[in-house]
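J.: So the chains spell out like this:
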Amino acid sequence: MASPTPLLQIEDLRTHFTSDGEIVRAVDGVSFSIGRGETLAVVGESGSGKSVTSLSVMRLLDPAAGGIAGGRILFEGVDLVTKSEAEMRRIRGNDISMIFQEPMTSLNPVYTVGEQIAEAVRIHQKLAPKAALTRATEMLELVGIPEPGRRIHSFPHQMSGGMRQRVMIAMALSCNPKLLIADEPTTALDVTIQAQILDLMRRLQAEIGMSILFITHDLGVVAEIADRVVVMYAGRAVEEGPVRDIYRHPRMPYTAGLMQSVPRVDRGATQQERLYAIPGNIPSPLDLPEGCSFHPRCAHAEPRCVAQVPPLEPVSDQHRVRCVRWRELDFSQKRPA
Amino acid sequence: MTGYILRRLGESIALILVITIFTFALISSAPGGPSILLDPNMSPEDTARLRTLYGFDRPVYEQYLLWLWQVLQGNLGFSFGVGRPVSELIASALPATLLLSGAALLVAAIIAIPLGILAAVKRNSWIDQTLTTVSFFGLSLPVFWYGLMLIILFAVILRWLPAGGMFTPGQNSIGNLLLHLILPVVALSTSIMAELVRYTRSAMIGVLRQDYVRTARAKGVAEPVVITRHAFRTAMIPVVTLLGMLIPRLVGGAAVTESVFSWPGMGRLAVSAAFNQDYPTIMGITLVISVVVVVSNLIVDLLYAKLDPRVSYS
Numbered sequence: 001m002a003s004p005t006p007l008l009q010i011e012d013l014r015t016h017f018t019s020d021g022e023i024v025r026a027v028d029g030v031s032f033s034i035g036r037g038e039t040l041a042v043v044g045e046s047g048s049g050k051s052v053t054s055l056s057v058m059r060l061l062d063p064a065a066g067g068i069a070g071g072r073i074l075f076e077g078v079d080l081v082t083k084s085e086a087e088m089r090r091i092r093g094n095d096i097s098m099i100f101q102e103p104m105t106s107l108n109p110v111y112t113v114g115e116q117i118a119e120a121v122r123i124h125q126k127l128a129p130k131a132a133l134t135r136a137t138e139m140l141e142l143v144g145i146p147e148p149g150r151r152i153h154s155f156p157h158q159m160s161g162g163m164r165q166r167v168m169i170a171m172a173l174s175c176n177p178k179l180l181i182a183d184e185p186t187t188a189l190d191v192t193i194q195a196q197i198l199d200l201m202r203r204l205q206a207e208i209g210m211s212i213l214f215i216t217h218d219l220g221v222v223a224e225i226a227d228r229v230v231v232m233y234a235g236r237a238v239e240e241g242p243v244r245d246i247y248r249h250p251r252m253p254y255t256a257g258l259m260q261s262v263p264r265v266d267r268g269a270t271q272q273e274r275l276y277a278i279p280g281n282i283p284s285p286l287d288l289p290e291g292c293s294f295h296p297r298c299a300h301a302e303p304r305c306v307a308q309v310p311p312l313e314p315v316s317d318q319h320r321v322r323c324v325r326w327r328e329l330d331f332s333q334k335r336p337a
Numbered sequence: 001m002t003g004y005i006l007r008r009l010g011e012s013i014a015l016i017l018v019i020t021i022f023t024f025a026l027i028s029s030a031p032g033g034p035s036i037l038l039d040p041n042m043s044p045e046d047t048a049r050l051r052t053l054y055g056f057d058r059p060v061y062e063q064y065l066l067w068l069w070q071v072l073q074g075n076l077g078f079s080f081g082v083g084r085p086v087s088e089l090i091a092s093a094l095p096a097t098l099l100l101s102g103a104a105l106l107v108a109a110i111i112a113i114p115l116g117i118l119a120a121v122k123r124n125s126w127i128d129q130t131l132t133t134v135s136f137f138g139l140s141l142p143v144f145w146y147g148l149m150l151i152i153l154f155a156v157i158l159r160w161l162p163a164g165g166m167f168t169p170g171q172n173s174i175g176n177l178l179l180h181l182i183l184p185v186v187a188l189s190t191s192i193m194a195e196l197v198r199y200t201r202s203a204m205i206g207v208l209r210q211d212y213v214r215t216a217r218a219k220g221v222a223e224p225v226v227i228t229r230h231a232f233r234t235a236m237i238p239v240v241t242l243l244g245m246l247i248p249r250l251v252g253g254a255a256v257t258e259s260v261f262s263w264p265g266m267g268r269l270a271v272s273a274a275f276n277q278d279y280p281t282i283m284g285i286t287l288v289i290s291v292v293v294v295v296s297n298l299i300v301d302l303l304y305a306k307l308d309p310r311v312s313y314s
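If you read the sequences in order, they're chains Z and V.
Going by full-length UniProt numbering, 78 is the number at position 78 of the first sequence; the sequence numbering is gapless.
Going by full-length UniProt numbering, 309 is the number at position 309 of the second sequence; the sequence numbering is gapless.
Here chain Z stands alone, though its shape is the one from the complex (with noise of 0.2 angstroms):
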């Protein structure tokens, strides 16, 4: 639910990127916000734009390849697009943190994770080393590794996926953060160290109180985690609303198609059907389809789809779609009770 005043808005950022020459339109416009100790879920295949607008939140894009090219980031009310680059040094790791979702290459090989827990600790909270690396064990601790006080001079590598992501979690809540972003931080794991460090999340979140920007492509992982969804394609939001409303009631063809590809046990068993794949790819940035970027892989397109960019309507007091024919398709999932 969100709360009166956001912690973090985002208001038609577009990011673009050059590639040859030609302008990339990696995220077009997209506007959310997440409130106090709220889950959001960014949604969306690869290429859809969550990841780089995600980046664009840490101001972390690389910038010979582009950059925010329009909109605003409000955090606590204050623009991010417009702090130096000191400004944002300060926030990030700090009111802002960040998970990815390659666990086994996102810690250096050469430190230990106590190290490099520590360093966060060191910049922000400017602890001596000797306080920093007891942060760092407490933190370990915090995320249900054993023997913290050990594993504090453990090597990246001598740790397995599931360990080296909570090793990340435990760097990236180390100074309170009032925001955590967590880009696909599960999706490199098995299914039941998934299981973990969701149920790990969920539990730091209720200690500390964090917001979650959490993205991912697993629509089965947000049910778990996520109090609202936002989905994107091809760089724009196309669907937003609590997680109830999009699972039982989607409105856009996309999101119900999504919804469909996720394998259920209560379904295939009955049913003996193949699992639904959305036909086609996601179109390239570079050549996007006229009007609703979806039309050419939808079932449901009609002539006025090409016609324009649909603007997204509110469905509800907090469901919003960007689809012409809202009115007329019911997608809703029968789920048993």
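If you are wondering where the hints come from, they were derived from the structure by calculation, not from laboratory data.
Built from N, CA and C at the ideal position, the CB exists for glycine as well.
There's no promise every hint is true.
What the hints assert, rightly or not - So, partial list: chain V residues that the calculated Cβ filter (under 7 angstroms) puts toward chain Z: (1) 211; (2) 212; (3) 215; (4) 217; (5) 218; (6) 219; (7) 220; (8) 230; (9) 233; (10) 234; (11) 309; (12) 310.
Fit chain V to the given chain Z structure using the hints.
T.: What follows is chain V alone, placed relative to chain Z:
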């Protein structure tokens, strides 16, 4: 670790033995024979007596074993040319070579590694382009020509620096030595500098793309610290490997530089020994340079384990 070092030392000894056997065979099959027997003023009887005295009438393998037996007792033999013990010649030449190649390596590393980092951080900028061009230029300069040009410019025309040697006769100060060191070091370090810039640049570009560099930035680490502490610290691992491979080239390859600058080192000694068919000196130099190269490689390998915690020797 101790086990590893012992094993490596054993391998090194075997390697050095093979090198000496190979060199001995090469020298023995070279036309002309040892210079000591070529004196036109000697009578055939004296030549025959010398031949027996030095054992040249025995089979080559026996000569080698004799040489090896003496070496094991610490005797490298007498030089044919100068009539002094080989060990003495080497003892005076080796420090000069180590000084020259060590200084060249140090200068190259101090200048080239930061330039390589700069080129990687500013890749595709005009700085990077310029460094690339200059590097290729430096890489393709032949040392004998480049050394002579340096002498012509700085010693002959400008008269800023001495043209060669280690000391001005009568002046044995460190300052005088350093003055003599400048041109040969510039000549010797230029080509390896070019290589080091290119190598550091590519190692750094590879590391700067790594996820953990992004993690460091996401923690709020300042960019100069990201580049040095997080990126260069891992990029250093391949760079150190290259430095290790450069040592043999420096010690062995200093021959041309030493000849051009009349630097009284191993390279110059080796060149004159080869011209004089001075068997014991050639063998002595080969042995000592092999030991230097093998030991420096071992040190680099041990350093490697220190730099990269993922590497462990057992």
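J.: Indicate, hint by hint, whether the structure satisfies it.
T.: Cross-check of the supplied hints:
With 7 angstroms as the threshold, the beta carbon of residue 211 of chain V comes within range of chain Z, its nearest partner Cβ sitting at about 4 angstroms, so the hint holds. Given hint, residue 212 of chain V at the interface with chain Z, holds; its Cβ is 4 angstroms from that chain's nearest Cβ, closer than 7 angstroms. Because the smallest distance between the Cβ of residue 215 of chain V and any Cβ of chain Z comes to about 5 angstroms, under 7 angstroms, the interface hint for this residue holds. Evaluation of the residue 217 of chain V hint against chain Z yields a held restraint, the C-beta minimum of about 6 angstroms falling below 7 angstroms.
At its closest, the beta carbon of residue 218 of chain V sits 4 angstroms from a beta carbon of chain Z; the interface hint therefore holds under the 7 angstroms criterion. Interface hint status for residue 219 of chain V: upheld, as the beta-carbon distance to the closest one in chain Z is roughly 4 angstroms, under 7 angstroms. A hinted interface residue such as residue 220 of chain V counts as satisfied when its beta carbon comes closer than 7 angstroms to some beta carbon of chain Z; here the least separation is about 4 angstroms, so the hint holds. For residue 230 of chain V, the suggested interface contact is upheld, since its CB lies about 6 angstroms from the closest CB of chain Z, less than 7 angstroms.
The interface hint given for residue 233 of chain V holds, since its Cβ lies 6 angstroms from the closest Cβ of chain Z, which is under the 7 angstroms cut-off. The closest approach between the C-beta of residue 234 of chain V and any C-beta of chain Z is roughly 5 angstroms, which is under the 7 angstroms cut-off, so the hint is satisfied. With a least beta-carbon distance of about 5 angstroms to chain Z, the hint placing residue 309 of chain V at the interface is held under the 7 angstroms criterion. With a cut of 7 angstroms, the hint placing residue 310 of chain V at the interface with chain Z holds, because the nearest CB-to-CB distance is about 5 angstroms.
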